[in-house]
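Since the structure of chain Y is already known, use the hints to place chain U on it.
Chains as they are written, first to last, in the working numbering: chain Y, 1 to 92; chain U, 1 to 118.
Accuracy of the hints is not assured; some may be wrong.
[What the hints assert, rightly or not] Below, a sample of chain U positions facing chain Y; criterion: calculated Cβ distance under 7 Å:
{"#": "1", "residue": "A16"}
{"#": "2", "residue": "L33"}
{"#": "3", "residue": "F39"}
{"#": "4", "residue": "R71"}
{"#": "5", "residue": "L94"}
[Said to hold, decoys possible] Ranges of calculated distance between the beta carbons of each label pair, as one might list FRET restraints:
{"#": "6", "chain 1": "U", "residue 1": "R103", "chain 2": "Y", "residue 2": "W7", "range": "48 to 56 Å"}
{"#": "7", "chain 1": "Y", "residue 1": "R32", "chain 2": "U", "residue 2": "A111", "range": "15 to 23 Å"}
{"#": "8", "chain 1": "Y", "residue 1": "L73", "chain 2": "U", "residue 2": "I13", "range": "31 to 39 Å"}
{"#": "9", "chain 1": "Y", "residue 1": "I24", "chain 2": "U", "residue 2": "A99", "range": "35 to 43 Å"}
{"#": "10", "chain 1": "Y", "residue 1": "S2", "chain 2": "U", "residue 2": "R96", "range": "45 to 53 Å"}
{"#": "11", "chain 1": "U", "residue 1": "L74", "chain 2": "Y", "residue 2": "S10", "range": "24 to 32 Å"}
{"#": "12", "chain 1": "Y", "residue 1": "S10", "chain 2": "U", "residue 2": "R96", "range": "37 to 45 Å"}
{"#": "13", "chain 1": "U", "residue 1": "R96", "chain 2": "Y", "residue 2": "L4", "range": "39 to 47 Å"}
{"#": "14", "chain 1": "U", "residue 1": "P72", "chain 2": "Y", "residue 2": "R29", "range": "41 to 49 Å"}
{"#": "15", "chain 1": "Y", "residue 1": "S77", "chain 2": "U", "residue 2": "L52", "range": "21 to 29 Å"}
{"#": "16", "chain 1": "Y", "residue 1": "S77", "chain 2": "U", "residue 2": "I34", "range": "17 to 25 Å"}
{"#": "17", "chain 1": "Y", "residue 1": "R36", "chain 2": "U", "residue 2": "L52", "range": "18 to 26 Å"}
{"#": "18", "chain 1": "U", "residue 1": "F85", "chain 2": "Y", "residue 2": "S2", "range": "15 to 23 Å"}
Hints were generated in silico from the structure; no laboratory data involved. Quantities reported herein were computed from a predicted structural model and do not represent experimental measurements. In this text, a Cβ means the ideal position worked out from N, Cα and C, and glycines have one as well.
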Amino acid sequence: MSTLLVWSISTAQILLGLAMACSIFRVIRGPRAQDRVVGFDSLYVNAMLLLVAFGIRTGTTLYFEAALMIALLGFVSTVALAKFLLRGEVIE
Amino acid sequence: MNGAVEIPALAAILTAFLLIVGAAITLVGALGLIRLRNFYQRVHAPTLGTTLGTACVSLGSMIYFWALGSRPVLHEVLILLFVTFTTPITLTILVRAAAFRDRTERDDLQAGSSAREG
Chain Y
1 MSTLLVWSIS TAQILLGLAM ACSIFRVIRG PRAQDRVVGF DSLYVNAMLL
51 LVAFGIRTGT TLYFEAALMI ALLGFVSTVA LAKFLLRGEV IE
Chain U
1 MNGAVEIPAL AAILTAFLLI VGAAITLVGA LGLIRLRNFY QRVHAPTLGT
51 TLGTACVSLG SMIYFWALGS RPVLHEVLIL LFVTFTTPIT LTILVRAAAF
101 RDRTERDDLQ AGSSAREG
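Extracted from the complex, chain Y is given alone in its bound form (with noise of 0.2 Å):
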């Protein structure tokens, strides 16, 4: 693997690494729920970025199943998370 991918590809996850730290401090600080729901759907969404950059620097494809699994659940538990914001308020 030449020097110029190597090094890009430690930039791009250095990068995606800051950007997992701002959705973090979003999940932690964020005021309501729903903040902190948007930043737990940021997050997964640079972890699964993180993978693929991951899955490049080895070459194998076992990272790009990981990232696909996480695509897959993070929707789902995003959408049951805004469902359940949406109903708990119905209930209350």
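Leaving out everything else, chain U in the frame of chain Y:
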């Protein structure tokens, strides 16, 4: 890391460019998640990362593995399709839930103040 395999220079440059651009766009979206003030403004920011960031990163991965020729590029297509289709759905449901919560809170406040007056 597989140091033995080399890919053409054009494919390497394209992959590097797309990876860095996608990661930078995702970081800009996450910074908007920190800096914007309102929830309804904040919900727009991460869509930058989920659409353009995912498109750029998986396109770079597709170019890399296509040039490498080691495996079929099916996972990236699936990831791209899935993320592109599901992000509007999740964020629409979430904004609807947030608007519902705000409306019920306002109604509760008004009901409480009118009960206190009456």
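Structure-based check of all given hints:
Among the interface hints, the one on A16 of chain U holds; its C-beta lies about 3 Å from the nearest C-beta in chain Y, closer than the 7 Å criterion. With a cut of 7 Å, the hint placing L33 of chain U at the interface with chain Y holds, because the nearest CB-to-CB distance is about 5 Å. Given hint, F39 of chain U at the interface with chain Y, holds; its Cβ is 6 Å from that chain's nearest Cβ, closer than 7 Å. Below 7 Å, beta-carbon pairs count as interface contacts, and R71 of chain U has one with chain Y at about 6 Å; its hint therefore holds.
A cut of 7 Å between beta carbons decides the hint on L94 of chain U: the least distance to chain Y is about 4 Å, and the hint holds. Taken as a hint, the range 48 to 56 Å holds for the pair R103 of chain U and W7 of chain Y, whose Cβ atoms sit roughly 51 Å apart. Distance hint check: the CB atoms of R32 of chain Y and A111 of chain U are about 20 Å apart, consistent with the given range 15 to 23 Å. Between L73 of chain Y and I13 of chain U, the C-beta spacing of about 35 Å keeps the proposed range 31 to 39 Å intact.
Checked against the given bound of 35 to 43 Å, the beta carbons of I24 of chain Y and A99 of chain U, roughly 26 Å apart, lie outside it. In this structure the hint that S2 of chain Y and R96 of chain U lie 45 to 53 Å apart at CB holds, the actual value being about 48 Å. Between L74 of chain U and S10 of chain Y the C-beta distance comes to about 26 Å, which sits within the given range of 24 to 32 Å. Range check, S10 of chain Y to R96 of chain U: Cβ separation about 40 Å, and the 37 to 45 Å hint holds.
Look at R96 of chain U against L4 of chain Y: about 45 Å separates their beta carbons, and that is inside 39 to 47 Å. Range check, P72 of chain U to R29 of chain Y: about 42 Å between beta-carbon atoms, so the 41 to 49 Å window is met. For the pair S77 of chain Y and L52 of chain U, the supplied restraint of 21 to 29 Å holds, since their beta-carbon distance comes to about 23 Å. For S77 of chain Y and I34 of chain U, the hinted distance range of 17 to 25 Å is satisfied, since their beta carbons lie about 22 Å from each other.
In this structure, R36 of chain Y and L52 of chain U meet the distance hint of 18 to 26 Å, their C-beta atoms being roughly 24 Å apart. For the hinted restraint 15 to 23 Å between F85 of chain U and S2 of chain Y, the CB-CB distance of approximately 35 Å leaves it violated.
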